[in-house]
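Chains A and B, in that order, are what the protein sequence lines are.
Residue 31 in my numbering sits at position 40 of the first sequence, with consecutive numbering throughout.
Residue 124 in my numbering sits at position 101 of the second sequence, with consecutive numbering throughout.
Just so you know, not all the hints are guaranteed correct.
Pairs of lysine-lysine, DSBU-like flavour, derived with a Cα cap of 30 Å [stated by the list, open to error]:
| no. | chain 1 | residue 1 | chain 2 | residue 2 |
| --- | --- | --- | --- | --- |
| 1 | B | 93 | A | 48 |
| 2 | B | 122 | A | 2 |
| 3 | A | 8 | A | 48 |
Keep in mind that the hints were calculated from the coordinates and are not lab data.
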Amino acid sequence: GAGVSQSPSNKVTEKGKDVELRCDPISGHTALYWYRQSLGQGLEFLIYFQGNSAPDKSGLPSDRFSAERTGGSVSTLTIQRTQQEDSAVYLCASSLVRQNEQFFGPGTRLTVL
Amino acid sequence: TQLLEQSPQFLSIQEGENLTVYCNSSSVFSSLQWYRQEPGEGPVLLVTVVTGGEVKKLKRLTFQFGDARKDSSLHITAAQPGDTGLYLCAGVQYSSASKIIFGSGTRLSIRP
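Chain B extracted, bound-state conformation (with noise of 0.2 Å):
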């Protein structure tokens, strides 16, 4: 059972747009991550949001954690190539705090 979903799958637009990616679930997580990896490579932390409506963020990206703690949005302003990579969101249940559910991810590409 996939408890978060992502959407798009994949997306490719040209450099300077703005572009959202949402993650979306039926549970509520305590708090919830957003990962970029790239090919060969380990996921590497972006953000941790974990207040309801909360916004955080990070240069050109901003994250945003939904009032209700079930869903979350990145988006990009001005995307850049350096941005190209597989985004990946994942949340910390409160029912096991030792686990994270990671989200099927979206794979993000900036032409030139």
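Looking at chain A on its own, in the form it has when it is part of the complex (with noise of 0.2 Å):
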């Protein structure tokens, strides 16, 4: 079956622009993951989807970041007035029940001028 699948794979915008980023996880998987990844590190948590909920938020760096989920299903991550230091790699992942292996999409490059 399919993976997860993110787009754009690619975006560049405009300081202060805001940009939406979207993850289609896996079908039938209820916990949904976003990360960031800064060049060649780690992933830093942003959020934790549950079916549409999202019980973890406390990964989003600011009030500029938020995340929603519909029909249990696709994520969208705004970023609103982006800034330089949002230049990254947003990575989403999907897994079963929380917990169990995460399966990652191959992430959005968003680059901000």
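Take each chain as given, in its own frame, and dock them per the hints.
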């Protein structure tokens, strides 16, 4: 079956603009995670969804970051008024239940000029 | 605050040599995972260790979870160029079972 997909694969935007990043998890996976990865570094946890609810938003770096998930499937990560320090690869992962093996998408590379 | 420290950060060795990557923390984890990531792709799970002292083998890779569940190691025997990549350890905390804490990664390069 299809894996986790993310779009766009690359996004270049100007400082101050809003961006939306999309994640399509594996069908049937109830848990969905967003991470941020700076160049060649480890992953920074952003937010976790169980179904459509987000019991853990503790990793969102500021109120400019928000995420939603609809229909227990697709999730969108929105960054408002982007800053240069937001430049990174944003990775999405899904799993059948929490703590199980996470399957990652290829990521969206965001560049803020 | 970086809860999981990996060492070394970078490692470049000759094909056929052995190597060990370490993942250390002052925190206790309910389980620990190792992932490998190649350029332009997301991380892929290699193994999950759950029990303190547990050792798991995956072909030439040997993973160990520390007795106190605070640290882990990955040993590769007779490294191959195909082992090249970014290796990430990730710990699941008792206090927040939904959150997995990732280490900073070890970038491994195997020279033919």
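Each hint, compared with the structure:
A threshold of 30 Å between alpha carbons decides the hint, and for residue 93 of chain B with residue 48 of chain A the separation of about 25 Å falls inside it, so the pair holds. For a cut-off of 30 Å, the pair hint linking residue 122 of chain B to residue 2 of chain A stands: about 27 Å separates their Cα positions. For the hint pairing residue 8 of chain A with residue 48 of chain A, the CA-to-CA distance comes to about 23 Å; that is within 30 Å, so the pair holds.
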